[in-house]
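Protein chains in written order, with this note's numbering: chain A, 1 to 264; chain B, 1 to 175.
Treat the hints with care, as some may be off.
What the hints assert, rightly or not - Among chain B residues calculated to face chain A with C-beta under 7 Å, some are:
(1) L13
(2) A16
(3) L17
(4) I19
(5) V20
(6) T23
(7) S27
(8) T28
(9) N45
(10) L49
(11) Y62
(12) V65
(13) G68
(14) T71
(15) L72
These are calculated hints, taken from the structure and not from any lab test.
Treat the numbers as computed from the prediction; the structure is a model and nothing was measured.
For glycine and all other residues, C-beta sits at the position ideal for the given N, C-alpha and C.
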Amino acid sequence: MRFFSRTFTVFSFLLALTLLLIFLHVRGLAKPVESTAAQVPRPFVYVFSGIGNSIKSFFGYFSSVSKVNNQNAELAAQVRTLQQDNIILQQYKLENEKLKKELGYKDLSKYQLIPGTVIGMDPTGYSQAVVLNIGSNDGVRVGAAVLSEGVLVGKIITVESFTSKVLLVTDPQSNIDAQISLTGDNAIVRGSYGSGMVIDLVSQSVQLNKGDEVVTAGLNADLPKGILIGSVGELQSQKNGLFQKATVVPSTDLKNLNFVSVIK
Amino acid sequence: MTKFLLYFFSIILLLALNIVFPTIRSSTPNFLFLFVVVNAFRKNNQDFLWLAFFSGLMLDIYSNVFFGTYTLSFMIIAVIISYTTKIFFSADPSIVYFGSVAAVSNLLLIGLVFIMNTVGVHIQSNLGRIPALYLGQKIWIDLFLNLIFVGPIYYLSSVIERIIEDNAKRSARTF
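Work out the full structure, taking the sequences as your base and the hints as a guide.
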């Protein structure tokens, strides 16, 4: 009987404490406590992350041999196509530079980048978020775009002194103002459960084709225009719908992120 | 003091392991949840509620679900396990019984996470709703992974309990 009365007392106390913490969190007042608590496991996360990456790369070598052969053949074909494309692009570049000079445009493609390493994932698997080893001390701020090999992978949602959390573009809470690169039509790219993305709110008058590149629209100050997000996959919309909708295939492997860059 | 340090480092280590553990189709074993289950299961453990509270709090800070979801879920599950174990089972429980408790608790946890997330969506409008279909696919892989790792966590808990007991005996002898 004594056990139950003691358990009930402790449970009631902790329940009240939890409700207080939820209230403070929703109001945004629990930030200092959360920030301090988030720092505590950091050294252990580093150690485990290092061990985990070594094991992953060791086993990854064996499993990747057959994949590498297939990729090699595909890449050889791609190189030939890209060589041809490159010649055309060089001509465009010259033309573009001339135009920029004439119009006095500032070169928008030069971002100040902060390099970072992914040290962990969301431990519960209910959201697509990763933890980086860079924080406010390195100049990272909330809302900044995170790139991997030049491709947008997410946005910074929380920043601590030495770490930061990135909400990946595949998370359902992620909404990005996007543009179809070819036509310049605006749309929204949303994350969806199961590591995918959908492009939504595309006008019915727009010709949406599989493989079309999707880039950022630059409507938000934190997300510069023209950063590649992915390419259009399967069309999901119906003909009588107001807007078109399609899946978006990410242009980088979001499940195996290692090194990323954050735009300053 | 030894007890506090042991529990503190266990929670931190298990959280760090949870963060870096590779995900399999968005699923990953929940080491902190298993630690809570194991400790609530032990009849002579008086601190299981505190462990549930702090384990849940750390997961809430590091995960992206509605804040408080894991803290409340872990505490409710810990009380239920402790209550049923103390009331209905006097003898040493078998491994099958323990596995069943872990499995049922896991299903209960997913149910509680779903309910609290739905409540959270109404409170915090920027929160994403977890679709039932996604949860349905995730449940079974989560359960499978948790049942694989419940053994090592039980062992860890036994080692901690033994150290605490030895320490208590040594202190008693000194006095």
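Structure-based check of all given hints:
The beta carbon of L13 of chain B is positioned within 7 Å of a beta carbon in chain A (closest approach about 6 Å), and the interface hint is therefore held. The interface hint given for A16 of chain B is met, as the beta carbon of that residue sits about 4 Å from the closest beta carbon of chain A, less than 7 Å. A distance limit of 7 Å between C-beta atoms decides the matter here; for L17 of chain B the minimum to chain A is near 6 Å, and the interface restraint holds. Restraint check, I19 of chain B versus chain A: the minimum CB separation of about 4 Å is within 7 Å; hint holds.
This hint holds: V20 of chain B has a C-beta 4 Å from the nearest C-beta of chain A, less than the 7 Å allowed. Restraint check, T23 of chain B versus chain A: the minimum CB separation of about 6 Å is within 7 Å; hint holds. Given hint, S27 of chain B at the interface with chain A, holds; its Cβ is 6 Å from that chain's nearest Cβ, closer than 7 Å. Interface restraint check: T28 of chain B against chain A, minimum CB-CB distance 5 Å, threshold 7 Å, status holds.
Given the 7 Å rule on beta carbons, the hint for N45 of chain B is violated: about 11 Å separates it from the nearest Cβ of chain A. The interface hint given for L49 of chain B holds, since its Cβ lies 5 Å from the closest Cβ of chain A, which is under the 7 Å cut-off. Interface restraint check: Y62 of chain B against chain A, minimum CB-CB distance 5 Å, threshold 7 Å, status holds. For V65 of chain B, the interface hint holds, the least distance from its beta-carbon to any beta-carbon of chain A being 5 Å, beneath 7 Å.
Look at G68 of chain B: its Cβ gets to within about 4 Å of chain A, closer than 7 Å, so that hint holds up. Hint status for T71 of chain B: holds, given a least beta-carbon distance of 5 Å to chain A, under 7 Å. About 6 Å separates the beta-carbon of L72 of chain B from the nearest beta-carbon of chain A, less than 7 Å, and the hint is met.
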